[in-house]
Amino acid sequence: MQLQRTVLTCLVTITLSACNFLTPRDQDSSITAPHPDSIIGHSVKKTNTKSTSPVISDDDIVSAVDGMAVDDKAIVESESDDVWQRIRQDLTIPRHTENGSVKSKIAWYAGKQEFLDRVADRATPYIYHIIGELEKRNMPLELALLPVVESAYQPLAHSPSRASGIWQFIASTGKRYGLKQNWWYDGRRDIVASTDAALNYLQTLHDMFDGNWLHALAAYNAGELNVARAIQRNQKAGKPTDFWSLQLPGETRGYIPSLLAVAEIVANPAKYKITLKAIPNKPYFAVIKIDSQIDLATAARLAGVGMDQITALNPGFTRWATDPDGPHHLLVPIENAQQFEQKLAALPASERMTWRQHQVKGGETLGQIARHYNTSVSALKQINHLQGNLIRVGQSLMVTAAGQPVDLDIPDTDSEKLKGLKTSGDGNKAIYTVRSGDNLWDISRNHGASVTQLCNWNGISKNTILRPGQKLTVWIKDDENASSEGFIPVAANVEQTTGDVNPNQQIEYTVREGDSLWLISRRFNVSVAQLCQWNQIPKGRILQPGQNLIIMMEV
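Residue numbers (this note's numbering): 171 to 725.
Possibly wrong hints are sitting among the right ones.
[Claimed, not checked] Result set (EDC-like, lysine to aspartate or glutamate): computed pairs, CA atoms no more than 16 Å apart in a straight line:
no., residue 1, residue 2
1, 447, 284
2, 459, 534
3, 443, 284
4, 709, 685
5, 513, 478
6, 459, 412
The set of hints was computed from the structure by calculation and includes no laboratory data.
Predicted model only: the values in this text are computed from it and were never measured.
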């Protein structure tokens with residue numbers, strides 16, 4: 171009777187205010203991860219109607235992570251050094267290994283050692299935080315394995331049904347659980363924010379289905395109304411209402427066995443001849459308040475890490491900088507947190523960003539504005555989504571701001587100002603050949619340097635107008651690869667090709683309105699030349715909305 175009352179209450183509540191539960195996923199995403207990394211079940215989550223959480227604040231994020239680090243200290247010291255052992259010691263959901271569907275999924279995973287290795291590599295930066303959040307809420311640690319089934323722990327994963335992030339939220343559900351989504355930022359990809367939202371959602375479902383985790387997890391995949399109706403149908407027919415007895419979508423019937431199979435593999439890896447790659451049972455990142463917008467390349471430089479590490483820890487930021495309206499925090503590797511905070515505090519506010527707004531004045535043309543800011547007309551058009559050369563008085567344009575704007579009456583160099591500047595850097599010296607359309611800002615970003623560093627290395631000022639064919643010295647860190655054409659390592663004196671990033675995963679990106687090769691290359695930290703090479707298209711090609719592009723990414 172208690173279960174019947176619960177189901178009826180759920181049905182009344184959901185039906186009155188959530189007619190959209192049975193609609194397809196929102197059409198708002200653009201990346202499809204390939205099989206097997208987009209494995210088994212892409213969720214088709216619908217949501218309850220009430221907004222259960224306000225937008226998550228920076229203070230909430232920082233205090234939550236700080237609190238977790240303190241609360242978990244005893245756990246880290248008393249348990250194994252390995253995250254898998256920590257999970258193994260606290261598995262609580264029955265795994266139903268006698269069930270045929272679960273057996274089939276166990277056999278599938280047991281034959282995928284390489285896949286599980288990749289998942290472990292991807293999970294390493296995130297899973298310790300997720301486990302800590304689950305323990306704080308007294309939730310089953312099996313839920314830390316849910317992203318394996320949902321996304322293979324890929325924060326950039328997008329399902330065909332338009333779900334995004336490691337927890338695979340659709341847009342509407344994400345918004346209801348406080349995940350901000352705009353041009354700059356997608357909270358569904360934010361590791362900390364999306365984890366908080368996912369656990370809130372799962373707790374709501376657990377309460378809704380009277381503490382039954384299999385029902386709650388089925389609802390996370392198929393929607394509350396679908397599960398509630400399936401229970402009601404069985405009740406009316408006098409049938410059992412356990413998960414295995416319900417008539418649910420085929421995807422959901424495979425989704426639960428997949429999670430239980432992963433849990434069984436983690437519980438008994440040796441039994442299935444699987445070796446789980448060790449993941450240190452300690453915090454991987456720290457959450458640092460930044461107070462205002464910052465260029466991600468600048469943040470990487472301050473932290474002393476590669477751009478790939480910053481983007482891996484902060485996949486919620488979808489452009490080259492953080493959202494000007496927040497969230498104003500960044501995740502950085504914990505061993506680099508103190509350095510980042512100190513250098514950020516010492517950084518002048520004017521150097522946080524490499525662009526600013528320019529208001530068009532009467533008589534100005536794109537060519538004049540481009541020369542004034544030491545950039546190209548093409549770059550201005552791409553960054554501002556301009557289809558032609560027509561601009562209007564009063565229009566605001568995003569322009570590069572790597573130093574002072576160019577004064578065309580000032581000579582290219584000033585010998586007095588250049589005296590005493592550092593003309594060498596860390597790593598390997600290389601020569602870059604300037605190409606048509608290049609500017610100091612693009613070259614510096616492509617080589618993980620600041621415009622100031624690039625100018626110092628070459629004895630030029632920030633006002634210098636570059637010429638095609640001009641040679642520039644750049645310094646490449648030992649652990650970084652050159653990612654653009656024109657790069658010549660001095661030691662080898664051999665020109666690199668555009669495919670040298672040695673990627674090991676291919677994803678597909680669907681072009682959206684306003685996209686350009688330049689914007690897409692910045693989003694994925696690759697060069698335009700690489701995009702053109704991978705997709706066999708000319709560099710000047712105009713992209714069409716709906717067009718699919720191949721992007722090679724390291725994982």
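**Prompt:** Would the pair residue 459 and residue 534 pass a check requiring their Cα atoms to be no farther apart than 16 Å?
**Reply:** Violated - the C-alpha atoms of residue 534 and residue 459 are around 39 Å apart, more than 16 Å.
**Message:** So if I understand the rule, the pair passes when the alpha-carbon distance is 16 Å or less; does residue 459 with residue 412 pass?
**Reply:** violated (46 Å)
**residue 513 paired with residue 478 [C-alpha distance capped at 16 Å]** = violated (19 Å)
**Message:** Run the distance test for residue 447 versus residue 284: straight-line Cα separation, threshold 16 Å.
**Reply:** holds (10 Å)
**Pair hint outcome, residue 443 versus residue 284 [Cα-Cα no greater than 16 Å]** = holds (13 Å)
**Prompt:** Within a Cα-Cα threshold of 16 Å, do residue 709 and residue 685 meet the stated pairing?
**Reply:** Measuring from Cα to Cα gives roughly 14 Å; hence the hint holds.
Hint check: violations occur at hints 2, 5 and 6; the rest are consistent with the structure.
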